[in-house]
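Fit chains Y and A to the given chain B structure using the hints.
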Amino acid sequence: MSKSYKDNMPITAKKFMEEFRRYEKGSVSRRHFMGVTGLGTAAAVLGSAMPSMMPKSAKAGSLGDRLIFSTWPNYHNPVNVENFTNDTGVNIQINAFGSNEEMLAKLQAGATGWDVFVPTNYTISNYVDLDLIQELDLSRIPNHDPSSQNPMFADPATVNGKVYAVLKNWGTTGIVYNSKNLKNGPTSWKDFFDLTMGEGSGHTIVHDYQLTTIGAALCANGHSFNSVDAGELEMAEKLLIESKPHLFAITSDYQPGMRSGDAWMSICWNGDGLQLNKDLPEMKYTLASDGGEIWSDFYCIPKDAPHVDAAYAFINYLLDPKVQVLEFESHGYATGDTRVEALLPAETADNEILFPAAKLMNGLEFGAANTLTDPIRAEVIARFKSA
Amino acid sequence: MRLYSIAVYLFLYIPIGIIVLFSFNSGRHASDFQGLSTMWYGKALSNPFVMESLVTSLIIAFAAATLSSLTGTAAALALQRMRGPMRVLFDGLIYISITIPGIVIGITTLVALVTAFDIVNPILADMWPEGVKPPKLSLGYASVIAAHTLFTMSLVIVLVRARIAGMDRALIEASTDLYATPWRTFYQITLPQIFPAIMAGFLLSFTFSFDDFIISFFVAGPNTTLPIYVFSSIRRGITPEVNAIGTIVLAFSLILLVTAQFLLRARNERK
Amino acid sequence: MTDNKKGSWLTVALLTPTSMWFLFMLVMPMIVVVIFSFGERSAVGGYVASFTFDQYANLPARLKAFTNTLTFAPIGTFLSLIIAYPLAYYLAVKVDRRWRLLLLVLVIVPFWTSLLIRTYAWIFILGGRGIPTLLEFIGLEGIRMINTPFAVYVGIVYGYLPLMVFPIYVSLEKLDKNLLEASNDLGGTPWRTFMQVTLPLSMPGVATGCMLVFILLMGEFLIPAFLGGGKIFFLGNALVDLFVQSRNWPFGSALAVTLVIIMVVTVSLYMRLTLGGKNGRDQSLM
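Protein chains in written order, with the working numbering: chain B, 1 to 387; chain Y, 1 to 271; chain A, 1 to 286.
Extracted from the complex, chain B is given alone in its bound form (with noise of 0.2 Å):
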């Protein structure tokens, strides 16, 4: 996170100008409501603008004084986070991830400290067969409203009858790429691979992510996004083997690359897309017409999270609605809450990036929950980054 990159920089497109102020109108309303209620706007203002001047011991409520969040890059306002340390005392530690694999890792492994984090769909199974997570008391998350919820994206949340995550954000995996660098833009992962050792040699990212990057090359190759066949996974093995030498970089975290113009494609989440495109118009968020990936995000709370407190009050405080247009307005991920939609300016429903035209959709399949543990998935994409 840390990455809202709409702090400083001036909005260009000018439909964004008016949803952007759309949004803010929303975050007065925020504060006004936090004046009222006694929390104190000049708590915040003070807080954001001085934060030496804010004594710990004078904020420090029931809550404790800490909170460790495991999440991915650019996928929360920094707003949103100190606000929630000025209203209850409880400082955040962020640490951001590439890919679900590596929290499972994490995990595996134990003692992490963390108190939440953010797994994918597929992995929330795979957390409750191997006692990772735990199962969440709903009564103490009010702004979480079931009804509220597209089913479509919330479902992982329930295993065996018992709900385990609440859902966060949902969105597409595709392709961003350069209009500038790349006129013919790709249509397909089969284009984005023969741009890449082609025309775009030397300015490709692909993610350090089993899932995503090896999905590419699966469906390039005309195959399912989630195979775990093994002679699928050889030819796309060979596939990022042959293009490696005309990769900029194995990252997950392709915002920096992309901007510093080091970059002209990479595979790319589609909020991430919209953040770029918004900051920089020649940054164009397209899906693959062979395949893709569609997904959905959740909050967890690991087995033995030690504030488990706080970590309630936080996903209960990201949840609010006014909240999750804040961090919506950062990140641009779509949240399947209704009640958040409706908070959205109208021209939201029709952004593309957003919401993608049915006949694109269709072709995108969620995560499969086998391919988080696949021995043959692990090692292709460790041969892959050490060839």
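Careful: at least some of the hints might be erroneous.
Result set (SDA-like, lysine to any residue): computed pairs, CA atoms no more than 20 Å apart in a straight line [said to hold, decoys possible]:
#1 Lys-303/B <-> Lys-133/Y
#2 Lys-94/A <-> Ile-82/A
#3 Lys-94/A <-> Met-203/A
#4 Lys-106/B <-> Ile-228/Y
#5 Lys-244/B <-> Glu-234/B
#6 Lys-43/Y <-> Ile-94/B
#7 Lys-303/B <-> Ser-138/Y
#8 Lys-136/Y <-> Gln-108/B
#9 Lys-190/B <-> Glu-232/B
#10 Lys-303/B <-> Gly-46/A
#11 Lys-303/B <-> Ser-26/Y
#12 Lys-64/A <-> Glu-234/B
#13 Lys-244/B <-> Pro-149/A
#14 Lys-94/A <-> Pro-200/A
#15 Lys-183/B <-> Lys-106/B
#16 Lys-94/A <-> Pro-190/A
#17 Lys-43/Y <-> Ser-26/Y
#18 Lys-180/B <-> Ile-82/A
#19 Lys-174/A <-> Met-167/Y
#20 Lys-238/B <-> Gln-108/B
#21 Lys-94/A <-> Val-20/Y
#22 Lys-106/B <-> Val-244/A
#23 Lys-244/B <-> Arg-144/A
#24 Lys-180/B <-> Glu-136/A
#25 Lys-177/A <-> Arg-98/A
#26 Lys-174/A <-> Ala-162/Y
#27 Lys-284/B <-> Gly-261/B
#28 Lys-303/B <-> Pro-135/Y
Residues from chain B shown here face chain Y by an in silico Cβ test under 7 Å; the list is partial [stated by the list, open to error]:
#29 Pro-73
#30 Asn-91
#31 Gln-93
#32 Asn-95
#33 Ala-96
#34 Ala-111
#35 Gly-222
#36 Val-308
Hints listed in this document are in silico derivations from the structure and should not be mistaken for laboratory results.
Heads up, the beta-carbon is just placed ideally off N, CA and C, and yes, glycines get one too.
Below, chains Y and A without anything else, positioned relative to chain B:
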């Protein structure tokens, strides 16, 4: 020659200059200079995680350096008189623990400790009376300190042993001839002579432990050392806060160095 | 007799803590890792007991990591040496005594900011908005530096230069200035003096510096990870990857065991070649 040296110094200092310069950046991004401000120093100093990771690093480095200096010096003194297969064994172990990369120390310690905990924890749980929460062993301070000490202890042994080898034997013999007790000989003759090596070992150990990332990354469990904090900051998109931390640590080391130099000079002059 | 007995008790007491450390932190973990290296990855990742050589048979799958490490480490060591030597020579021989200490300290000061932060600075300097932008002003367009072997070498030399300068400086500083003068008086050209007097006498420092840098490079992880864009994998990166991504503990263990064997063999060979015998060992580790 002089030009060449200037070029090398520029090479060494341009990145440092950039780190310091960007620590005064008022923008949100480390690489995008927006104007002068000390805001990030305020943020770094009031961020409890930064201060906590700094304290964690200092505790670990101090503990590892102290342990290594004591055990390493003791071992060097003992080994100096030892010959035969035991000596060869110890030499081999010292040599291996210096040669194996930190990354391997980190991984072997992780694998061994996690395995050991899996065996020990259920036994502990069985032994504990009903209703009382049994203690649970896990990765933490002790595992990092122990892993760092493995390497730094061997470093101290090598340094102190080299110093013993270069020591004036005649003094010790003279002392023994004059019926000084072995303890007195050690305290009055040997220790002053090997003291510089112990100090050097302590400082090297401290520096190594304080800057180590890879071993701590594997065995620190929920504890965050300063390098681990910096690593995760870089991964989540670096802000000038990290530059501010780097500058503070640098300034702090410089002040220590100047103070030490000043004290040494003052003592020499008094002599 | 009693004296001797007392002495041996003392020796045992002095060695106990160190022995415990070696036993619990080195020998036993190594045994565990060797056992793990014959095991199998469990279905969800981690380890299940087994006895198989599969992990070792799979080592060629990381061939590139081996060859990368075994090229970058010696070349990086050599580059550090040729850049550090003239500086060490200048400091030890040419510089006025008054400035020597200050200049020497200035070589170490960069060491006091975290290696991570210093390496990060290079991401910026070599990245698209750094040197390549400057080069565009003089008409050199489209040069990419970051995420290339060049960037990794820059990181290596930058990270380890002080470790090379120091031992060489120490050995040159001990050098008897009279010898140099004698050589000059006998009509030796500066070049001949250097080749026949200075260089041979500084060899112990060169050997020590090279070994220090080489050992650290063999296990390097951060520099290729940050400056190689995740594309240039050393054994260290392959190892970390096996533990933090693939969760393949047995294969990671096999790789770690192999790395230790390579290290012990190459370093022993190196020491035998440069310093000869047991005596050299202590010196070179200094």
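Verification of the supplied hints:
1. Lys-303/B <-> Lys-133/Y: Holds, at roughly 16 Å.
2. Lys-94/A <-> Ile-82/A: Holds: Lys-94/A and Ile-82/A sit about 18 Å apart, inside 20 Å.
3. Lys-94/A <-> Met-203/A: Measuring from Cα to Cα gives roughly 19 Å; hence the hint holds.
4. Lys-106/B <-> Ile-228/Y: Holds, at about 14 Å.
5. Lys-244/B <-> Glu-234/B: holds (15 Å)
6. Lys-43/Y <-> Ile-94/B: holds (15 Å)
7. Lys-303/B <-> Ser-138/Y: holds (15 Å)
8. Lys-136/Y <-> Gln-108/B: Roughly 16 Å between the alpha carbons, so the hint for Lys-136/Y and Gln-108/B holds.
9. Lys-190/B <-> Glu-232/B: Holds, at roughly 15 Å.
10. Lys-303/B <-> Gly-46/A: Distance of about 19 Å is within 20 Å: holds.
11. Lys-303/B <-> Ser-26/Y: Violated, because 40 Å separates the two Cα atoms, which is more than 20 Å.
12. Lys-64/A <-> Glu-234/B: holds (18 Å)
13. Lys-244/B <-> Pro-149/A: Given pair Lys-244/B, Pro-149/A holds - Cα atoms ~14 Å apart, limit 20 Å.
14. Lys-94/A <-> Pro-200/A: holds (18 Å)
15. Lys-183/B <-> Lys-106/B: violated (42 Å)
16. Lys-94/A <-> Pro-190/A: holds (13 Å)
17. Lys-43/Y <-> Ser-26/Y: Given pair Lys-43/Y, Ser-26/Y holds - Cα atoms ~12 Å apart, limit 20 Å.
18. Lys-180/B <-> Ile-82/A: violated (43 Å)
19. Lys-174/A <-> Met-167/Y: holds (18 Å)
20. Lys-238/B <-> Gln-108/B: violated (30 Å)
21. Lys-94/A <-> Val-20/Y: violated (31 Å)
22. Lys-106/B <-> Val-244/A: Holds, because 7 Å separates the two Cα atoms, which is no more than 20 Å.
23. Lys-244/B <-> Arg-144/A: holds (16 Å)
24. Lys-180/B <-> Glu-136/A: Satisfied, since the Cα-Cα distance of roughly 18 Å is no more than 20 Å.
25. Lys-177/A <-> Arg-98/A: holds (17 Å)
26. Lys-174/A <-> Ala-162/Y: Satisfied, since the Cα-Cα distance of roughly 17 Å is no more than 20 Å.
27. Lys-284/B <-> Gly-261/B: OK: Lys-284/B and Gly-261/B at ~14 Å, within 20 Å.
28. Lys-303/B <-> Pro-135/Y: Status holds; Cα separation ~17 Å.
29. Pro-73: holds (6 Å)
30. Asn-91: holds (5 Å)
31. Gln-93: Status holds, d = 5 Å.
32. Asn-95: holds (5 Å)
33. Ala-96: For Ala-96/B, the interface hint holds, since the closest Cβ of chain Y sits about 3 Å away, which is under 7 Å.
34. Ala-111: holds (4 Å)
35. Gly-222: violated (34 Å)
36. Val-308: violated (15 Å)
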